[in-house]
Every structure is written in structure tokens, then in C-alpha cells.
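Using the hints, build the complex out of the two chains.
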Amino acid sequence: MENNDLDRILSGIWVYLAASPLLWLTVTLAVYLAGQRLFQWSGGRALFHPVALAIALLVLLLLLTGTPYAIYFSGAQFIHFLLGPATVALAIPLYSHWERVRRLFLPIVAGLLAGSLTAIFSAIGIAWLLDGSPRTLLSLAPKSVTTPVAMGIAEKIGGLPSVTAVLVILTGVVGAVAAPALLEGLRIRDDAVKGFAIGVAAHGIGTARAFQISSLAGAFAGLAIGLNALLTALLAPLIVRLLRLTP
Amino acid sequence: MIGGLAVLLIFQLVGEVAVQLSGLPIPGPVVGMMLLFVALRWREPLPDSLRATAETLLSHLSLLFVPAGVGIIQHGARLAEEWLALTIALVLSTLITVAVTALVMRALIHRRDGEQRSG
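Residue numbers (my numbering), protein chains in the order written: chain F, 15 to 261; chain A, 731 to 849.
The set of hints was computed from the structure by calculation and includes no laboratory data. Hints may be right or wrong, so weigh each one.
Negatives, chain F to chain A, calculated, CB over 10 Å [as the list claims (entries may be wrong)]:
| no. | residue |
| --- | --- |
| 1 | T40 |
| 2 | A48 |
| 3 | G57 |
| 4 | T79 |
| 5 | V180 |
Ranges between beta-carbon positions, derived for each pair [as the list claims (entries may be wrong)]:
| no. | chain 1 | residue 1 | chain 2 | residue 2 | range |
| --- | --- | --- | --- | --- | --- |
| 6 | F | V29 | A | R773 | 51 to 61 Å |
| 7 | F | Q54 | A | V768 | 32 to 42 Å |
| 8 | A | G844 | F | R258 | 37 to 47 Å |
| 9 | A | L776 | F | R117 | 33 to 43 Å |
| 10 | A | Q846 | F | L248 | 45 to 55 Å |
| 11 | F | R116 | A | H840 | 11 to 21 Å |
| 12 | F | R117 | A | E811 | 46 to 56 Å |
| 13 | A | Q750 | F | L74 | 19 to 29 Å |
| 14 | A | L743 | F | I27 | 19 to 29 Å |
Residues of chain F placed beyond 12 Å of chain A at every Cβ, according to the derived structure [unchecked claim]:
| no. | residue |
| --- | --- |
| 15 | N17 |
| 16 | S25 |
| 17 | Y30 |
| 18 | A33 |
| 19 | L127 |
| 20 | G172 |
Ideal placement from N, C-alpha and C gives every residue a C-beta, glycine not left out.
Just chain A, with the same shape it has in the complex (with noise of 0.2 Å):
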């Protein structure tokens, strides 16, 4: 768990230093994954530790969520007088991009599949 632990936060740390050098328009974390993807498929396997502190990790990623969101607090003016507009934005917004993303990929899996058979 502390061995996956440490491991998780080293990538962090070298993605935080790697977009600071770079000025990249991506959080550090973000860079950390690909390196660490890139670290596991150069030097496999997966360690057990480092399966077991992800696996924990995620299962619970939605609570990580919880402290940004209690910010709210602090916005409760804005969001009152604009809040049937956000509201109505927000939810067909995020209903359409799900349905468009996947669409489009199944379009273009079919499309695939069908030239695979036929070809």
C-alpha cells in the first residue's frame, strides 16, 4: 500500500515538475499517468502494491470530489440569479456530449467491423 503510495506520488511529482519546465497546458497528474503507463508497459508487470493502492483509490474517486464541491458555498449569489440558465446548460450539455461521443464511437466501430467482414 505505502510502496504503491510512494510510487503514485513520484510520477505526480515528476509530471508537476515536468509541466512547470514546459509550460504545458496540462496538470502535472495528468502527465504522471502517461509517464506511468509508459513506466509499466517498458517494465512489466504490474506491481501487486501498486494494483492494490490504485484499486482503493479509485473506488472511491468520487468522494475526492466532495471538498471542491462544498465551494459552492461561496458562489451561492452568481448562482442564484443565473441558476435556471446553468442549470438547463449544464444538464442538456453533459446529456448531449454523452450521447454524441458515443454514437460516433459505435458509428465508427460498426463501420470497422463491417469492412473487417467484407474485406
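Next comes chain F alone, as it looks inside the complex (with noise of 0.2 Å):
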């Protein structure tokens, strides 16, 4: 007796809380803050990383709880809208330092073009010969560009947007990652460089993770997410023609 009603307290809530989007915002924060602890105690491993923690997690809730990821969205949508004032944002680091990226301007402009065609070519190129679908292959060629634009290069292009969504992510991931310790073994000391590397190859997650390396990584990382942005968007469709590939 004393069960059912309960029961019956404990769906009510449920049931009220589903449909407002107060918990599944308070969710993704708390899961991402259990991820950044996890992450801190874990000395920094790569399993760890309080991104794909945090993704891990969530989606293990919406099954276990049968939420459509509509429902998902309709609260974590508060935390999703901040990604353009924090890429606005962008502009503070590059201002600070300025000086800076005008004196390595040659730098930047070759390193911008050499990695951003190795992006595209490479992403394509070893899907291609591991038998990746045209469609997957399409959906990949924009993962190194930061979320918002790779979709609609997706789009543009042929492939999935919401695939690429996802590959873009897991691209920021690995970069986040492996990156600092591949430049590490490089020899790589510069900090504008590290930054702007990770930045090019990786977006907005490799440019959190270059701003715990420095602010000045951090600046170099948030130009390239832009001018990444800006070169994908416009290589990307004729690489694709040239290559002749269609979904």
C-alpha cells in the first residue's frame, strides 16, 4: 500500500520533471562536473576526458530512462546556445595578443593551408581505403572545423550533418588528448605553435584544452578555429568535386 503510493509520489515527479527542461540541464552540468573531477583524479588519462565522460554518461542515462534525445536537447539547449558568445568571445585572446600573431603572420597563413588540406585529404583518404561508405566519407571531411560550420559544409557537400556533428566532436576529443603529448614527442616548444596546431586540427575542444596549456595557446587555437572554419568552407566543396565522389 505504502509502495504504490510511493510509486505513484515518485512518477508524479517523474513525469513533471520530464517535460520541463530544468533536468536535463542540471544533468549535463552535474555529469560534467563529476568528469572534471574524475578527469583531475585519473592524473589527466585520456578515458577520462570530461567530454566524452560526460557524453558516455548522458547517453547511458537517456537509455536507461527511454528519453528521446529531443527531450534531452529541450534542456541542454541553454548550455548548446552558449557556443556563439564563446566563439565570439574568441576575440579577447586574439586582441591580448595581437602583436604576436602579426609578427608570425607567414607562419600561420602556411601552417593554416598545409593543415587544413591534410585535414580534409587524410580524413577522406583513409576512410576511403578502410572501405568507408561515400556518405561516411563526405560526413568526415569537415570533423576538424568547429561544429556549427562543418555541418552546414556537410550539408553542402553530401553528407549527414548530424553524423558529422558527432565525428566532429570525437575529433576534439582525440585532439584534446593526444595532441600535447604528440608535440611534446615532436619537440614543439613554442606555445603559439602548440596552440595553433591543436586549434587547426582539433576546434573548440583542442582550444579548451589549449587554454589550460596557456592563454597564449589558447589565442593561437581560437584563430584557427576561425580561419579553419573559413578555409574548410571554401576547400571542401572543390576537394570533394575534384575527387568525384558523391553520396
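Structure (C-alpha cells):
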């Protein structure tokens, strides 16, 4: 009898919460904070990257509670929305380090061209060698570009924008986790070079990691996001036409 | 904080409108970033409230990608079908891109520094 009452109360609360954006907004923040803790405790192990961990946990929660993504997103959209103002905010570190950017003009242009072309060709090429379907190749091509632009590019060249969004985020996590060690191995000492390389390859999630190296690295990573978004938007459609890729 | 946020949103708005009007293939916030940068260079110094808001947002940048990333739940089938090709392509391509970008930049910086020393 009492059990039934409890059940009714709990399911009443669930029905109320499930319909309000409050629940999934709060859960997203809580899971992310927990992920950050775990990442620190683990001494920064790749498997425990806060973004990867938060995504895995949230997917598990949605599956367990049978919650559709659209319901989840109606709460999480408030966090998602902040991507816009955060992108605009990248102007501030760029402004603070402008002197350095100006002096490195030529290396930046060359690094950007080389990096942008490498990102597109290597993603398409490796997936093609491994028998990836044309749609997968096209969805993968803009993977190093920041999410909103990458989705637009995918749509234009015949990929699947929502698959691209996921691949972009996985790319960011891989870059954030592996790039610092790789750059160390290559004996890259200059924080400006480190940041720019991470930003070209791994956009915003890489940039978040670059800000942990130094504010200079973060500024160059932020600069790279904008420049690579622009260049890939121009290059990807041309390359796809050149390779005669069609979905 | 609120003043800073208002500035960011205004520049985002202007950027979005500019993209809609011009049909440029880049997103509004990236245009907003470029416009804000120009405005800051033109009207120095940087207001404290803007610096504080920007630092708060940028220090939690990776959180902002979580909602879009959870979208993976909608593509389980496609991703499961080609997971090996996708994983290998994604990881290798990302690492190669980091390495190529960094090495090209370093080579050019070295060459320039060499020229400056000899010249």
C-alpha cells in the first residue's frame, strides 16, 4: 500500500520533471562537473576526458530512462546556445596577443593551408582505404572544423550534418587528449605553434585544452578555429568535386 | 558580467545578420568574433566586464560541446556499422593534421629567424 503511494508520487515527480527543461540542464552540468573531478583524480588519463565521459554517461542515462534526444536537448539547449557567444569571445585572447599574431603572419598562413588540406585529404583518404561508404567519407571531410560550420559544410557536400556533429566532437576529444603529448614528442616548444596546431586539427574542444597550456596557446587555437572554418568551407566543396565523390 | 554578455550577444547578432545578408559560407558567430576584434582594436582598452565574461565562458568551453555530442545516440546504427574505419580515420587524420601544421609553422619560423640573424 505504502509502496504504491511512493511509486505514484515518484512517477508524478518524474512526469513533471521529464517535461521541464530543468532536469536535463541540471544533469548535464552535474555530469560534466563529476567528469572533471574524475579526470583530475585519474591524473588526466585519456579515457576520462570530461567531454567523452559526460557524453557517455548522458547517453547511458537517456537509454536507461527511455528519454528521446529531443527531450534531452530541450533542456541542454541552454548550454548549447552559449557556443555562439563563446565563439565571439575568442576575439578577446586574439586581441590580447595580437602583437605576436602579427609577427607570425607568414607561418600562420602556411600552417593553416597545410593543416586544412591535410585534415580534409587524410580523413577522406584513410576512410576510403578502409572501405568507408561515400556518405561516411563526406560526413568525415569537415571533421576538424567547429561544429556549426562543419554541419553546414557537410550539408553542402552531401554528408549527414548530424553525423558530422558527432564526428567533430570525437575529433576534438582525440585532439585534446593526444595532441599535447604528440607535440612534446615532436619537440615543439613554442606555445603559439602548439595552440595553432591544436586549433586547426581539433577546433573548440582542442582550444579548451590549449587554454590549459597557456593563454597564448589558447589565443592561437582560437584564431585557428575561425581561420580553418573559413578555409575548409571554401576548400571542401572543391576537393569533393575534384575527387568525384557523390553520396 | 551582464554588460560583457550583452556585448558578446550584440556582436553575435550583427554577425548572424551579416551572414544572412551576404550569403557567406561561414557562421554568424565567427563573423561576430572578427567584428568584435576590429572594434576592440579601434576602441582600446578592453573593458573589464568583457574580459571577465570572456574568461568565464572560455574556461568552460568544452562543456558547451556536450549537448551536441550526446546526439551520438541518434546515430548508433551508422556508427556501429563503420566504427573501425571511422575510428582509425578520425584518430590518424587528427594526429597527422596536428603534426603537419606544427612542423610547417616551426620550419617557417626557423627560416625567418635564420634570415634575420644573417641579415
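Original post:
Does the Cβ pair G844 (chain A), R258 (chain F) satisfy 37 to 47 Å?
Top reply: holds, 43 Å
Original post:
Does T79 (chain F) sit more than 10 Å from chain A, CB to CB?
Top reply: Since the minimum Cβ distance to chain A is about 12 Å, T79 (chain F) lies beyond 10 Å and the statement holds.
Original post:
Checking the smallest CB distance to chain A, is T40 (chain F) really beyond 10 Å?
Top reply: Its Cβ never comes within 10 Å of chain A, the nearest being 13 Å, so this holds.
**OP:** Beyond 12 Å from every chain A Cβ: check whether that's true for L127 (chain F).
**Re:** It is violated; L127 (chain F) is separated from chain A by about 8 Å at its closest Cβ, not greater than 12 Å.
Subject >> Beta-carbon spacing of L743 (chain A) to I27 (chain F) - inside the hinted bounds 19 to 29 Å or not >> reply: violated, 38 Å
**OP:** Confirm or reject the claim that V29 (chain F) and R773 (chain A) have a C-beta distance inside 51 to 61 Å.
**Re:** holds, 52 Å
Original post:
For S25 (chain F), which was marked as not at the interface, is the minimum beta-carbon distance to chain A over 12 Å?
Top reply: Its Cβ never comes within 12 Å of chain A, the nearest being 24 Å, so this holds.
Subject >> Interface exclusion of N17 (chain F) relative to chain A, criterion Cβ beyond 12 Å >> reply: holds, 32 Å
**OP:** Find the nearest Cβ of chain A to the Cβ of V180 (chain F) and say whether that gap is larger than 10 Å.
**Re:** For V180 (chain F), whose nearest Cβ neighbour in chain A is about 5 Å away, the distance does not exceed 10 Å, so it is violated.
Original post:
Is G57 (chain F) truly not at the interface, in the sense that its beta carbon sits beyond 10 Å from all beta carbons of chain A?
Top reply: Since the minimum Cβ distance to chain A is about 18 Å, G57 (chain F) lies beyond 10 Å and the statement holds.
Subject >> Status of the stated non-contact between A48 (chain F) and chain A (beta carbon gap over 10 Å) >> reply: A48 (chain F) clear of chain A: closest Cβ-Cβ about 12 Å, beyond 10 Å.
**OP:** Starting from the hint 11 to 21 Å, judge whether the C-beta atoms of R116 (chain F) and H840 (chain A) obey it.
**Re:** Cβ of R116 (chain F) to Cβ of H840 (chain A): about 19 Å, so the range 11 to 21 Å holds.
The structure fails hints 5, 9, 10, 13, 14 and 19 (numbered hints given earlier, in ascending order).
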